[in-house]
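*Asks:* Chains as they are written, first to last, in my numbering: chain A, 1 to 281; chain B, 1 to 400.
Keep in mind that the hints were calculated from the coordinates and are not lab data.
Mixed in with the good hints, there may be bad ones.
[Said to hold, decoys possible] Only some residues are given here: those of chain B computed to face chain A with a beta carbon under 10 Å: (1) Asp241; (2) Thr273; (3) Phe275; (4) Val281; (5) Asn290; (6) Pro350; (7) Val375; (8) Leu376.
[Unchecked claim] Computed far set for chain A versus chain B, every beta-carbon distance over 12 Å: (9) Gly106; (10) Asn108; (11) Asp123; (12) Val131; (13) Asp150; (14) Val173; (15) Asp177; (16) Leu191; (17) Ala194; (18) Ile216; (19) Val265; (20) Thr269.
Since we're looking at a predicted model, the values are computed, not measured.
For every residue, glycine included, the Cβ atom is placed at its ideal position computed from N, Cα and C.
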Amino acid sequence: MRRLSFVIPALVTAWSTLGSSSSPALLPDALVSRQLFEREHLSVGETVELSRSASGGAAKHFRIAGVYEPTPDPMRFAQERLELRVHLPDAEGLAASGPPGVPVTGINVQLRDAADAAGFASDVERRLPGVTARSTSASDDRVATFTVLDRFHLAIAIVTLLGSGAFLLALMVMLVDERRETVATLRLIGLTRARLVTQILIEGALIAGAGAAFGIVFAAAAEPAFNRFFQWRYDTALVFVRVTPAIAIRSVAFAVPVGLAASAVAGWTVLRRRTLLQVGR
Amino acid sequence: MIRRAIALAWLRVRREKGRTILGVAGITAIGALLFDMLLLGNGLLVSFRERLDRSGFDVRVIASESAVIAGPPIERVTAKTAILRRAPSIAAVQRVRLGSADVEGVQAAHHVTVAGVDPDALVPWSMIDGTFPSVGGPPAAIVINRNMSRVFHLMVGSRLVLEGRCGAALHPLPLQAQVSGIAAFQNDATDALTAASSYAAVAALCGESDSDRADMLLIRSNAAAGGADAAAAAARAALPDLHVLTNEQIVERFSRIEFSYFRQLSSVLTAVTLFFGLLLVAVLLTVSVNQQLGEMAALRALGLSRGRVMAGVLCESALLIGIGGTAAIPIGGMLSIWLDHILRSLPGIPADARFFVFTARALAIHAALLVAGAVLAALYPMRLVAVLPIAETLRREVVS
Chain A
1 MRRLSFVIPA
11 LVTAWSTLGS
21 SSSPALLPDA
31 LVSRQLFERE
41 HLSVGETVEL
51 SRSASGGAAK
61 HFRIAGVYEP
71 TPDPMRFAQE
81 RLELRVHLPD
91 AEGLAASGPP
101 GVPVTGINVQ
111 LRDAADAAGF
121 ASDVERRLPG
131 VTARSTSASD
141 DRVATFTVLD
151 RFHLAIAIVT
161 LLGSGAFLLA
171 LMVMLVDERR
181 ETVATLRLIG
191 LTRARLVTQI
201 LIEGALIAGA
211 GAAFGIVFAA
221 AAEPAFNRFF
231 QWRYDTALVF
241 VRVTPAIAIR
251 SVAFAVPVGL
261 AASAVAGWTV
271 LRRRTLLQVG
281 R
Chain B
1 MIRRAIALAW
11 LRVRREKGRT
21 ILGVAGITAI
31 GALLFDMLLL
41 GNGLLVSFRE
51 RLDRSGFDVR
61 VIASESAVIA
71 GPPIERVTAK
81 TAILRRAPSI
91 AAVQRVRLGS
101 ADVEGVQAAH
111 HVTVAGVDPD
121 ALVPWSMIDG
131 TFPSVGGPPA
141 AIVINRNMSR
151 VFHLMVGSRL
161 VLEGRCGAAL
171 HPLPLQAQVS
181 GIAAFQNDAT
191 DALTAASSYA
201 AVAALCGESD
211 SDRADMLLIR
221 SNAAAGGADA
231 AAAAARAALP
241 DLHVLTNEQI
251 VERFSRIEFS
261 YFRQLSSVLT
271 AVTLFFGLLL
281 VAVLLTVSVN
291 QQLGEMAALR
301 ALGLSRGRVM
311 AGVLCESALL
321 IGIGGTAAIP
331 IGGMLSIWLD
341 HILRSLPGIP
351 ADARFFVFTA
361 RALAIHAALL
371 VAGAVLAALY
381 PMRLVAVLPI
391 AETLRREVVS
């Protein structure tokens, strides 16, 4: 038999839909999170002692009925999910056996009409002072958190784009400069500046497009490894990276104009010179 | 030889001003990002440690393993506080009871968090205006943060009524209070509404005047009697049922769990940025060397040793990365202010927390990575120069 000490908020995630234990003669059942199950080397059918107090006082016995994978929560991915679930009456009994406290910290309510949620929440708050009620669709800190993280990642992407844009420009200038004499020869045999600029722009767009496509393929190929690493690191089923069509389109939309701009500048550095000077005359 | 190699590299770099400026600009941008990721790696922890130390307490006692207050309260806290105060390694003990409340007649976005403490012990906040009297009301004396002052239009001397939203009682009696001071509270989020009053007042606010419990005990150690470790050991011996954490242990736990996302992100982005920068500099140098193979062969034919020409390429790489990497430090510093501003808008982040903190260690790692980057980026172009067939290259140059 193991002795486990838990804080009561963890127990209050007890599910109330399953009802109480099937028979008073049997020990009440508990479901254990996979993380807790593995860390404590528990086994299904094993009996454990649960207590609200750190000293293990006033403990109650439970039988481990099974293991569950906690719903991945991006707000809690860095925290160990050491949790277990018991029937609500058993959780209340456990709370009553310890120091006095509030046995239930949350009640989920399903309304007949979801559109009434805001009105219902304000009605509950007015009728029950001390109780906080809010609609599940109301904006909360989670939305704000991920909006901020998205803004942070975008800022990093912009800086990376600026750096790579400068490098791309340097490379394009060098590549076009290398073909200075060829460009001059083409001008001498009659090709217009506009045609040469178009050719350079097409080349730049092709290079940028191919680079962006390679980047997307590389990101998609690296996605499973990246996810597996972080899922292992944080012991969670959460998906950290997902290359979606929207992200792919966004990266192409950034990369191709940068490539075109670099090509245009590089082309201009060559074509602005006099043709005869470029062939050494 | 090194001076000559540097001089040769400098001449080559100066001759191609345009591409040098572009290359340096690219390295500056990538280097600034690299520098920021190094600042981010430890920034939150350094900032967190500073804030913990500033509070004046170096040991915390709570009833659960969690480093944040999420567990059951500490029962019979008066007796426990008295036991701790007798330990020679402990200079001061403060009990903290947390409750929440609304201000009567005013709708606010959040509830007010109210901390109850012993007014005659060391308090975990800094007074900005007014005082926190050791003898309480009625009305109960409370100190409030600037947000409360602004949102509820309160100042020192203002009266208010708090309606408790804590404890087991459904309808605790409203608490008559008077603002005695405005304070800066540790760990206050930018939009937090925080107040503090006496322990008894907060117990009454939650409808539990007869209870003897607290959410946390704060301990200031006696430096002359062994410091935080000795105080923590004394607290563990006296209260074996509770969990005792020094500031050092809290920082260590947060670095391992709560703050690990930013550390991982910083490590991944550092590696990616470094690889990216390395690749780009190597490509830039390789293209540059390929364009100047004829000149290299001519220099070799004139008598310059292979080592000197190779050293010239290495110095060119070092110059590009050195100039760009140095410029990256002030640019990175400015960029970190912007990135810090973005991240500090995360909900619940303490107003004085910083994600990017300059440390000598970060600067040293930045320099070491750039030096390693300069060497690695130059390896392939140096090899091109080393195996250059002089006669064949010169002939090809003349024929073309």
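*Asks:* Now tell me if each hint is right for this structure.
*Replies:* Results for each hint:
no.	hint	in the structure
1	Asp241	4 Å, holds
2	Thr273	8 Å, holds
3	Phe275	12 Å, violated
4	Val281	8 Å, holds
5	Asn290	8 Å, holds
6	Pro350	15 Å, violated
7	Val375	19 Å, violated
8	Leu376	16 Å, violated
9	Gly106	14 Å, holds
10	Asn108	20 Å, holds
11	Asp123	15 Å, holds
12	Val131	8 Å, violated
13	Asp150	10 Å, violated
14	Val173	6 Å, violated
15	Asp177	8 Å, violated
16	Leu191	22 Å, holds
17	Ala194	24 Å, holds
18	Ile216	16 Å, holds
19	Val265	10 Å, violated
20	Thr269	7 Å, violated
Violated hints, listed in ascending order, are 3, 6, 7, 8, 12, 13, 14, 15, 19, 20; each of the other numbered hints is respected by the structure.
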